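*Asks:* Model the placement of chain Y on the given structure of chain L, informed by the hints.
Protein sequence lines correspond, in order, to chains L and Y. Residue numbering for the first sequence follows the UniProt record's numbering, starting at 1 and increasing by one per position. Residue numbering for the second sequence follows the UniProt record's numbering, starting at 1 and increasing by one per position.
In short, the hints are calculated from the structure, not lab data. This structure is a prediction, so every number in the text was calculated from the model and none was measured. Just so it is clear, CB atoms sit at the ideal spot from N, CA and C, and this is done for glycine as well. One or more of the hints may lead you astray.
[Said to hold, decoys possible] Among the chain L residues that face chain Y by a calculated CB cut under 10 Å, a handful are:
1) H40
2) G79
3) T129
Number of protein chains: 2
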Amino acid sequence: MSREPVPHLVIIGGGFAGLWATRALARENIRITLLDRRNHHLFQPLLYQVATAGLSAPDIAAPLRHILGHQRNVEVRLGEVIAIDKAIRQVQLADGSSLGYDSLLLATGATHAYFGNDQWAADAPGLKTLDDAIALRRKLLLAFERAEAEPDPAKKAAWLSFAVVGGGPTGVELAGTLAEIARHTLRNEFRHIDPASAKVRLVEAGPRVLSSFPEVLSLKARRQLEKLGVEVLTGTPVSDIDSLGFKLGEQFVPARTVVWAAGVAASPLARTLDVPLDRAGRVQVQPDLTLPGHPELFVAGDLAAVNQANGKPVPGVAPAAKQMGKYVADVIRARLHGKPTPGPFKYADYGNLATIGRMAAIVHLGRLQLSGVLAWWFWLAAHVFFLIGFRNRVVVLLNWAVAYWSYQRSARIIFGDDQEDRRPR
Amino acid sequence: MSREPVPHLVIIGGGFAGLWATRALARENIRITLLDRRNHHLFQPLLYQVATAGLSAPDIAAPLRHILGHQRNVEVRLGEVIAIDKAIRQVQLADGSSLGYDSLLLATGATHAYFGNDQWAADAPGLKTLDDAIALRRKLLLAFERAEAEPDPAKKAAWLSFAVVGGGPTGVELAGTLAEIARHTLRNEFRHIDPASAKVRLVEAGPRVLSSFPEVLSLKARRQLEKLGVEVLTGTPVSDIDSLGFKLGEQFVPARTVVWAAGVAASPLARTLDVPLDRAGRVQVQPDLTLPGHPELFVAGDLAAVNQANGKPVPGVAPAAKQMGKYVADVIRARLHGKPTPGPFKYADYGNLATIGRMAAIVHLGRLQLSGVLAWWFWLAAHVFFLIGFRNRVVVLLNWAVAYWSYQRSARIIFGDDQEDRRPR
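The following block holds chain L by itself, in its conformation from the complex (with noise of 0.2 Å):
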């Protein structure tokens, strides 16, 4: 008697989309490989948190290899991914070697994109992974450090000036979050500048802010940001950016920070596999999220391009990738039990939420749509509950609690051991 040997499902990136498909092929008679290039899954929701020194990087990081520790079908292996071979259905890592599938789960999420100003990048830094936000915490906890030891004055304000690129809910947040830095939680502290004096500005180059809310949320999120502290400019497109600051048209604005904000491109992997991709760089997939002619071949999460019913393109957020992964092992499933796979995937709107600081966001729901503070509120439980892991949770919680309290941040640290950083230029 043989058996049938055992398929291969390789899953690509261990974000929502990834792990959401693995966790649901729990029970299944099916071997799973997840690759990814880092150790651990990333609530990226929370990571402007790591970025402004509110939450530390563990906080909202979990191993993999922990959570999918007592799937015995799972094998998590570090690595990187560099080419897909869907033709003989083999990937290609860049330590050399290379892994056979059956079934294949493309899942490695998006990138920050400069729109052919790539130059941008060293000034303007954006925020996707752990270690861009340990990176923007030093730059942002400097600036005001080199403002201190500044003595010309034109220079001091420099240091002073903040701005953020792109008015989508990490802009605003970041915005938020460092007006209220700014103007509490480094009061008291320096003796040659009012850190409250410090200038943020949010730049969005469309005519509003949030512009995935209804216009009447977005408004009353402008609202907010303005109540903080910061200073929204709207139909604006920046022209340049350099590290002294950055122009609207021809007017050169000085500011010693800029953060990137404005721009998601898809991961770049998708371009080995040979296919249409939008604008973007994201796959267009089938109704399905299979790849034409590759039934085996899966696409989802931000890097996924798919419709919704209405038309309207499946947004790049976190339920819609998890929805996806459950999705994609609804339909393996299904395959694996000789059954009818389900219809198209279909994205259920559970409504949009945005946190925009200290007791500010918006929320809409349906018909429903709040903002202040009985929509932060809203915002922080449905976050933290969605938090993996006990421990994150509590301390996520404790952190939030004491910072709300005493307007503190407790990862205020510097770490990063490169001389140049600490010499005031």
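*Replies:* Okay, now just chain Y, sitting in the frame of chain L:
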């Protein structure tokens, strides 16, 4: 009516000595500048916990500006001192600026030293700063990843072979915690290795570990280490270290991960003072912690070589540094008020504690000698109590509670965006 100018005290180093001196002078009519290369005070006794992923960096550090924000006679300055000119009472900073002083407290502590074998530094990193701890954490966690990916059994075993050089408190803590991680924390998480099969060796050149304790406690510490799974090698100096392992005499022992906890040397700034240093590079100060002929220049903490009344040197431990800092403040206060200065510095020895690992420690307090679980609880209470800042204490206790019930270590997150690190060799 002319006002006396307020005297200027410069303190270099925000460790235990510098910070305790600063705080003790809070109510005096003196202008204090506290200079540090880093923006935070570090609770060094728990640094090994960051290296072994039990705590995150911000748990054991607090921003100096925050600690001292309300002490109006202090200015905190981020900067690196490169030389001291005691003739003209001036310190030189790396950014080219200089700073005059009326009194100076030099308290820059110690760094690790390889006793003429600096080529070992790359393969056997030490542990003195948060950056060291984050780098060591990455190295330890990646060793298990490399072992998992390595097909060759001998190479696999070398990745699972760990050595800690130096049987002092840091070496013992690191070896004990590493054994715990291998035997408990990583259980179930790998598919091609059994982490519990990892070899953890503690190599000490002298005849026993923790030699500052009575012999009977040293022996108990050794037994506790062995019970945790550590192989203790005493009387065996290391003769060479490279990336593949280390040598004991002529015998080569494969070990891809070697940690240096053997040598401590005073901070190199002392050399610019142009005064006699001891073999470890520490400044030989007078009984009042000043330099001969320079009553305005104090040295305190790990950088100061001074004897106790019994002729033994004052040990390089946190309580001694705090006591020296307070003593310097007492001398300066007496001078400010034109009162007689206190007699020579006297070290009050309140006892000696060392932790070994899970529920294992030794304690020596006068005639009281403890080991095992009771000693561990004693150690835990003392260390958490002395952690600066309410938030740190609560978070650290919470982390410990969760870690001890679950055997989990919450900070098992690899960051540091080194491409090299992600590729198994």
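*Asks:* Now tell me, hint by hint, if it's right for this structure.
*Replies:* Here's how the hints hold up against the structure:
1. H40: holds (5 Å)
2. G79: Holds: closest Cβ of chain Y sits about 7 Å from G79/L, inside 10 Å.
3. T129: Given a least distance of 7 Å, the restraint on T129/L holds.
Figure legend: structure checked against the earlier numbered hints; every hint is met.
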